[in-house]
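Dock chain B against the given chain A, drawing on the hints supplied.
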Amino acid sequence: MILQNLPYFASGIIIITGILMMITKKELIKIVMGLSLVEAGVNLFLVATGYITGSAAPIFTNADSDIMSYPVVQAMTLTNIVIGIATTALLLSFIIVIYKKYGTADVDKVRRLRG
Amino acid sequence: MIQALIMDNLPALLIAVPLLGAFMTPLTGRANDTVRNIWVILISFATLTAALLLTYEVLSSGTIVYTFGTASPSLPGPPDSGGILFRIIFAVDAMSVFMAVSASIVGFAVALYSIASNSKLSGKDGYYALILLMQAGILGMVCTGDMFNFFVFLEINSLAGAVLVAYRVDKGVAVEAGLKYAVLSTLGGLMVLFAVGLFYGQYDALNMAVIADNMQYGMLDKIALVLMIAALAMKSGAVPMHFWTPDGYSMAPSSATAFLVVASQASLYGLFRILFTLFNVTLNWALAGWIIIILGVLSMFVGVTMAIPQKDVKRLMAYHAVSQTGYMLLGVGVGLAVLGDETMMNSFGMTAMEGGLFHIINHAMYKGLLFLTAGAVFYQAGTRNLNRLGGLGHHMKWTMLFFVIGALAIAGIPPFNGFASKLMIYESVFMFSPVLSVIAMVVSVLTLASFVKVFHSVFMGPKLPEYENIREVPRPMLIGMGILAFLVIIFGIFPQAVVDTLISPAAEALVDQGGYISSVLGGA
Numbered sequence: 093m094i095l096q097n098l099p100y101f102a103s104g105i106i107i108i109t110g111i112l113m114m115i116t117k118k119e120l121i122k123i124v125m126g127l128s129l130v131e132a133g134v135n136l137f138l139v140a141t142g143y144i145t146g147s148a149a150p151i152f153t154n155a156d157s158d159i160m161s162y163p164v165v166q167a168m169t170l171t172n173i174v175i176g177i178a179t180t181a182l183l184l185s186f187i188i189v190i191y192k193k194y195g196t197a198d199v200d201k202v203r204r205l206r207g
Numbered sequence: 013m014i015q016a017l018i019m020d021n022l023p024a025l026l027i028a029v030p031l032l033g034a035f036m037t038p039l040t041g042r043a044n045d046t047v048r049n050i051w052v053i054l055i056s057f058a059t060l061t062a063a064l065l066l067t068y069e070v071l072s073s074g075t076i077v078y079t080f081g082t083a084s085p086s087l088p089g090p091p092d093s094g095g096i097l098f099r100i101i102f103a104v105d106a107m108s109v110f111m112a113v114s115a116s117i118v119g120f121a122v123a124l125y126s127i128a129s130n131s132k133l134s135g136k137d138g139y140y141a142l143i144l145l146m147q148a149g150i151l152g153m154v155c156t157g158d159m160f161n162f163f164v165f166l167e168i169n170s171l172a173g174a175v176l177v178a179y180r181v182d183k184g185v186a187v188e189a190g191l192k193y194a195v196l197s198t199l200g201g202l203m204v205l206f207a208v209g210l211f212y213g214q215y216d217a218l219n220m221a222v223i224a225d226n227m228q229y230g231m232l233d234k235i236a237l238v239l240m241i242a243a244l245a246m247k248s249g250a251v252p253m254h255f256w257t258p259d260g261y262s263m264a265p266s267s268a269t270a271f272l273v274v275a276s277q278a279s280l281y282g283l284f285r286i287l288f289t290l291f292n293v294t295l296n297w298a299l300a301g302w303i304i305i306i307l308g309v310l311s312m313f314v315g316v317t318m319a320i321p322q323k324d325v326k327r328l329m330a331y332h333a334v335s336q337t338g339y340m341l342l343g344v345g346v347g348l349a350v351l352g353d354e355t356m357m358n359s360f361g362m363t364a365m366e367g368g369l370f371h372i373i374n375h376a377m378y379k380g381l382l383f384l385t386a387g388a389v390f391y392q393a394g395t396r397n398l399n400r401l402g403g404l405g406h407h408m409k410w411t412m413l414f415f416v417i418g419a420l421a422i423a424g425i426p427p428f429n430g431f432a433s434k435l436m437i438y439e440s441v442f443m444f445s446p447v448l449s450v451i452a453m454v455v456s457v458l459t460l461a462s463f464v465k466v467f468h469s470v471f472m473g474p475k476l477p478e479y480e481n482i483r484e485v486p487r488p489m490l491i492g493m494g495i496l497a498f499l500v501i502i503f504g505i506f507p508q509a510v511v512d513t514l515i516s517p518a519a520e521a522l523v524d525q526g527g528y529i530s531s532v533l534g535g536a
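Heads up: the sequence lines are chains A and B, in that order.
Residues in the first sequence are numbered from 93 upward in steps of one, following the numbering used here.
Residues in the second sequence are numbered from 13 upward in steps of one, following the numbering used here.
Derived by calculation from the structure, the hints in this document are not laboratory data.
Ideal Cβ placement from N, Cα and C applies to all residues, glycine included.
Careful, some of the hints might be misleading.
What the hints assert, rightly or not - Only some residues are given here: those of chain B computed to face chain A with a beta carbon under 7 Å:
#1 Glu69
#2 Gly138
#3 Phe160
#4 Glu188
#5 Thr198
Okay, chain A solo, but in the shape it has when bound (with noise of 0.2 Å):
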């Protein structure tokens, strides 16, 4: 029982620490990773969901069709991976911006807007 569900106590584990790191930590880079660890849990519950015991990888093999798992969730975690990499890619790139105008990708120095 444990052992069938640990990749969904993985994928909530990663989850829970990437949340974590975004409210604790205090470098803008930090965050940015902690949004990349919940981006790859929620990747990793994703392919959890697809895998059912039994079946046989979805690609061209000689395996009966029958047994095959259907690959959707294998398709939109593949979808959100690339999604992942543009925003991943964008963010940092805000926050080399950020520290060339600001001298600092400290969250409590950038905090020129308020009120």
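Using the frame of chain A, we list chain B on its own:
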């Protein structure tokens, strides 16, 4: 032949045209500025036309189900597919076209306005490409009938929006706002994706109609619902998840801000779609309704009280946007809170929902108009600080007129459109709970007070020496504002016609879960 082809593929064209336009914009920009400007105007006009044609089709012949990759949703798949088919479908009902029309009208006005307001700035290719990309994201969100597809369009929308917020770096401050927006919307998007995974794990489906048909409302569904409400309410800028709104709205270029308002409303649409189409009466509707009402009342009140002390015109307007979102949540929330009760639903629930939905399109018009006038002031005077502005009414008569129209509409003064929808909300909410209605009215009065202050400090007073040489803004900007102002007045004078043709079908489509399911699954 061509005509039939276009009419048959309208839902796909609605996305394809702005997407193609977005990626072609940098290429046309290589020729010169004029070619690119004409291209952008053409594309946004084509999108508006597609949206209007689609509205006509849907309102005259009912929900359109468009399946990608096959001619008809009921066709069987290839023999080796194992019988289970996952197809991306667009289910375009009255609610979807209502949002699509409101988004593409604002999109067209924004495109016209940007042509002039951006003429002196650099990086125009990317700017227009992002505007069109965001439009594609918004239209995709409101048309899709597939949960994962919804997530993808949500991400397109958020990423394009975040870059637009940060587009004019402005000593790094705009990038700070953009970063805030991007981090929050990505986190929200991941929450939506997690919920989609939960649905897929339980129902083996991504199609909204299939999920709605099998909805059990078990523990996992509740978790998914909470995740989605939190994520989408944050994206639509409801208190207590509103903190990105003033930063994002005030730092984005004004024309983009008018469009960001529509982007937030697309998230609001997602929220309503999930509550009504996916869950509907299986939900604990009274509780869910009250949650939405409380979110709405908080947004209304906190938004307006935070707006009053602001000194930056756009920041002030951004807080008002939060406050107006509260009205929509309040109206639809009251509808949700009496969803399962036939008599209450008929006596005031429907009117409350119609009021809430009507307020969405009205808000898109007058808030867009107000942000555009703020942009016009900034364009000429070079500052948004209320303490330094003054006496601009002598120089910018048209802008002043448009501002007055927008300000009276947002404060709910007849005969402008804000009055029409707010009256519907007041009346119906009063029958549900008088206290809520009184709060809504008080907020309206405070809104008026706040805009009187803005009007006075920007446009009234003697001519200031530093603004001696200011003239009226160029004509395309005036036309862009004029379109929205015209609609604000038309919607205000003939509210009943708008409600009958657009709003009532939308509200009914939203409430009628069975109708949605059967129109999508009926053939299969």
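Tell me, which hint numbers fail for this structure? Numbers 1 and 2 - these are the hints that the structure violates, sorted from lowest upward.
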